[in-house]
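**Student:** Taken in order, these protein sequences are the chains called A and B.
102 is the number that this note's numbering gives the last residue of the first sequence; the numbers go up by one with no jumps.
1010 is the number that this note's numbering gives the last residue of the second sequence; the numbers go up by one with no jumps.
A portion of the hints provided could be inaccurate.
Now the stretches of chain A that chain B is said to cover, found in silico as 3 or more residues with beta-carbon under 8 Å [as the list claims (entries may be wrong)]: (1) 29 to 42; (2) 45 to 52; (3) 82 to 88.
Covered stretches of chain B (in silico footprint by chain A; criterion: 3 or more residues with CB under 8 Å from a CB of chain A, positions within the stretch not fixed) [claimed, not checked]: (4) 908 to 917; (5) 944 to 954; (6) 959 to 973.
In silico negatives: residues of chain B with every beta carbon more than 10 Å from chain A [said to hold, decoys possible]: (7) Ser902; (8) Val940; (9) Gly978; (10) Thr981; (11) Gly982; (12) Asp983; (13) Glu984; (14) Thr991; (15) Val1009; (16) Leu1010.
These aren't lab readings, by the way, just hints derived from the structure by calculation.
In this text the structure is predicted, and so the values were computed from the model without any measurement.
Note that CB positions come from ideal geometry on N, CA and C, so glycine has one too.
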Amino acid sequence: QVQLVQSGAEVKKPGASVKVSCKASGYPFTSYDINWVRQATGQGLEWLGWMNPISFNTGYAQKFQGRVTMTMDTSIGTAYMDLSSLRSDDTAVYYCARGNSGLGRDYYFDSWGQGTLVTVSS
Amino acid sequence: QSVLTQPPSVSAAPGQKVTISCSGSSSNIGNYFVSWYQQVPGRAPKLLIYEDDKRPSGIPDRFSASKSGTSATLGITGLQTGDEADYYCGTWDTSLREFFFGTGTEVTVL
Chain A
-19 QVQLVQSGAE
-9 VKKPGASVKV
1 SCKASGYPFT
11 SYDINWVRQA
21 TGQGLEWLGW
31 MNPISFNTGY
41 AQKFQGRVTM
51 TMDTSIGTAY
61 MDLSSLRSDD
71 TAVYYCARGN
81 SGLGRDYYFD
91 SWGQGTLVTV
101 SS
Chain B
901 QSVLTQPPSV
911 SAAPGQKVTI
921 SCSGSSSNIG
931 NYFVSWYQQV
941 PGRAPKLLIY
951 EDDKRPSGIP
961 DRFSASKSGT
971 SATLGITGLQ
981 TGDEADYYCG
991 TWDTSLREFF
1001 FGTGTEVTVL
């Protein structure tokens, strides 16, 4: 079955960077995009961006442009999300999610990682 | 700040029905398929509906969805205590070139 397994919790100081990994299994890694979504405590879901494992093209939410970098190592089926210049309001659970599309003008997330808590605190 | 608006909460007794609305615009719901996600507190979201009204394998037919113009609706019939969760709609916005989730709706079974 499809599985996305993320790296463990992180504690970072303001101004630092964090890198979260997401290892995929159970499907051909290069067949689907990987997206990143975050959720602060008590808040809703917020999309950070996507990456295609064939073209390595990326698309980032404007809010995170310049601070987020998404990469992949297709040889080990793993995606990475790097967020820099961390602030206290970046404290959240970060999820990776597999992007799927079928009929054109169609995009949804059919499998999710378990989430990685990133805490930013001095 | 989401471009998709949902009611903060809905509630009903066990066995009853609830509906959750998701309001957008012509650049998102009016132009792209909608998906819905269920998130039990403390867990990762789960895909509930895709392509406006399709259920993934394993999702019971108590969950249904529809779309009309720039609004979408999720319905849950035969409400169960296990349905208590937060529900999010989601879609791509072609003007902003970003994916947006709705503001989220908490479902409470009375």
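**Student:** What hint numbers does the structure not satisfy?
**Tutor:** Checked against the structure, the hints that fail are numbers 2, 4, 6, 7 and 14, while the rest are satisfied.
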